[in-house]
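Q: Could you build all of it, start to finish, from the sequences and the hints given here?
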Amino acid sequence: MAEIRAEMVANVWKVVTAEGEQVSDGDTLVILESMKMEIPVLAEDPGTVTKLAVAEGDVVQEGDLIAIIE
Amino acid sequence: MVESGLIESVLVANRGEIARRVLRTARRLGIRSVAVYSEADADLPFVREADEAVLVGPAPPAQSYLDQAAIIGAAQRTGVRAIHPGYGFLSEHPEFAARTEAAGLIWVGPPPVAIELMGDKINARNLMAEAGVPVAAGTVEPVTSADQAVAAAAAIGYPVMVKAAAGGGGIGMSAAAGDAELRAAFETARSRAERFFGSPAILLERYLSPARHVEVQILGLASGRVLALGERDCSVQRRHQKVAEETPSPGISPALRGQMLAAAVRAGEVVGYRGAGTVEFLVDVRTGGFVFLEMNTRLQVEHPITEQVTGIDLVEQQLRIAGRGEVSFAGEAVEQQGHAVELRVYAEDPSRFLPSPGTISEWAEPAGPGIRVDAGYCVGNQVTMFYDPLLAKLCVHGATRDAALARARAAVADFRIAGVRTNLPFHADLLDSTEFSSGAYDTSVVGRLRP
Chain A
23 MAEIRAEMVA NVWKVVTAEG EQVSDGDTLV ILESMKMEIP VLAEDPGTVT
73 KLAVAEGDVV QEGDLIAIIE
Chain B
228 MVESGLIESV LVANRGEIAR RVLRTARRLG IRSVAVYSEA DADLPFVREA
278 DEAVLVGPAP PAQSYLDQAA IIGAAQRTGV RAIHPGYGFL SEHPEFAART
328 EAAGLIWVGP PPVAIELMGD KINARNLMAE AGVPVAAGTV EPVTSADQAV
378 AAAAAIGYPV MVKAAAGGGG IGMSAAAGDA ELRAAFETAR SRAERFFGSP
428 AILLERYLSP ARHVEVQILG LASGRVLALG ERDCSVQRRH QKVAEETPSP
478 GISPALRGQM LAAAVRAGEV VGYRGAGTVE FLVDVRTGGF VFLEMNTRLQ
528 VEHPITEQVT GIDLVEQQLR IAGRGEVSFA GEAVEQQGHA VELRVYAEDP
578 SRFLPSPGTI SEWAEPAGPG IRVDAGYCVG NQVTMFYDPL LAKLCVHGAT
628 RDAALARARA AVADFRIAGV RTNLPFHADL LDSTEFSSGA YDTSVVGRLR
678 P
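Residue numbers (the working numbering), protein chains in the order written: chain A, 23 to 92; chain B, 228 to 678.
Please keep in mind that the hints were generated in silico from the structure rather than gathered at the bench. Do not take every clue at face value.
In silico contact screen, one side only, chain B against chain A (beta carbon under 10 Å); selected entries [as the list claims (entries may be wrong)]:
no.	residue
1	573
2	576
3	611
4	612
5	613
6	615
Where is the CB? At the ideal position from N, CA and C, for every residue including glycine.
A: See below:
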C-alpha cells in the first residue's frame, strides 16, 4: 500500500484518476497548483486507487493525504 | 517637493519586490505613493513603505490584484494622478490601461493599442515580419486543431515550439520533435491557454536549439523617439522561465548586438511605443542569426541590471515619460559601464524547482560594493501559494564579467533565508559551473546542471 501525500500547500486543480482505477508507475493522479506552477502528482508504483482524498478546488497542506494505492 | 512637470502621485497596482522597487523611486522623487494589497500581503514591506495602502481584496489574484474596478476605485478614492502596473497582473491588459485613462488617470505604460498589438504573439510576429524584423518560420494565423498543427509543422519543419498566442511566463509552452509529440503538446498548450489567458489561440514556430535568449531594453520617449539601452542575456531558464540574467551578453558579437538593438528600436517604432519595454529575441548559436520572439510592453523583472550598467533609473524614466516630460539623461550619452548579473531568488527547492511556500524565519541580505537586492519579503513574512515564487532579485555589478561573478558567488554565500527552501544552492552551482562561467551557455544550461 502506498500513501500519496502533498509535498506543499497547494490548490487541487485537476483530479485525473478515480477510486477503483488501475494505475501504472508514473501515471498522473492529480494536478496541484501552487505559486503559479502546476505540479503533477504521480503514482510511484502500479496498483489500484483505493482511496482518493481530494476533489478539484480543495486546498491541501503539506503532508495531507491525496490518494492510497494498493 | 516634486519637480515641476513630474507626476505628483502614483498608485502601484502590484505586490512584492516590484511594488517596493517602484515605491522607492517615487519616494526619491518626492512623489506621493499609494500601494494596494490583498489580505495575504498585509505584512509585506511594500505595504508599509507606501505613503498610503489600500486593501483591495482577498488573496486570490482574481479578487484583488486583477480586480480592475477595485484598483481604479482605490486610485480615485486616494486622489492619485497615475497608476503604475509593475509587471504581470494587469500590466499588459490593454483594457485596464484604457479604463485607467478613461477614469482620468495617467497610465504609466505604453498606449493601450501598443499593448494590444504586441499582446497577441501571432499578430506581433506578423507585424514584425512586415517591418523587416527577422522572425522564425511559423504560423501566421491561430492553429485551432491538432490536425492543423501537424500540417503546419510539416511546412515549418521539426522541431517546433507550441505556444499560447496570448501567453506569457512560459506557461503551456513546449517543443515537439514529431507528430505524436506535437499532438500532445498542442492539447496541453490549448488547455493552458484557455485557463490562464482566456484565449485558445495557439501558434507554432520553428524551435531553435541550441539558442540564446537575448532581449533589448527600449525606451520610447514622449517625443516619439525610441532608444535602445543595451541587451540582457536571459538564457538561464527552467520551465521556459528565467532564473538568471546578465548584461552585456557574453554570447553576441558587437556587430550582432548592433543589429539586435536596431531591430528592437524598429519594433518599438512600429507600434508607437512609449515608456519602458523589452523586445525579446532568440539567437541561433550555430548560425549567429537572430529572430524576434515577443515584446513585453511593461517594466521587465530583470531591469535592474540595465540600471546597474547604465546608471539610469528606468522607473524614473517611466514616470517622466508618462507625465509627457523629458527623460533625465541624454540619449546619445548612454554607455554601459562594467558587467551586471541578476540571480532570481525563488521560494523553491534547489534541485527539482518545486514551490516551497512557508513562513520566513530568517532573512539576511548580502551587502557591499556593486550589490543590489530588490526583495519583496522580510523575516516573519508568509510566502503563500497564491503568487509567484520570486522572493528577491540579487543583482551584482562589477568592472568586468569575472569581477561581477566573483562578487555574485560571495553574495550568494552571504544570503541567508530560512523557513522556506530557496534556489540559492542552485545559483551557487550555476556560478561554479564551467559552462556558465565560460559564458558559452545556451537555454538548455539548467537542464545540464540538473539532469
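Q: Compare the structure with each hint and give your call.
A: Hint-by-hint comparison with the structure:
1. Interface hint status for residue 573 of chain B: upheld, as the beta-carbon distance to the closest one in chain A is roughly 9 Å, under 10 Å.
2. A distance limit of 10 Å between C-beta atoms decides the matter here; for residue 576 of chain B the minimum to chain A is near 9 Å, and the interface restraint holds.
3. Restraint check, residue 611 of chain B versus chain A: the minimum CB separation of about 8 Å is within 10 Å; hint holds.
4. Interface hint at residue 612 of chain B: satisfied, since its Cβ lies 4 Å from the closest Cβ of chain A, which is below the 10 Å cut-off.
5. Hint status for residue 613 of chain B: holds, given a least beta-carbon distance of 8 Å to chain A, under 10 Å.
6. About 5 Å separates the beta-carbon of residue 615 of chain B from the nearest beta-carbon of chain A, less than 10 Å, and the hint is met.
The earlier numbered hints are all upheld by this structure, with none contradicted.
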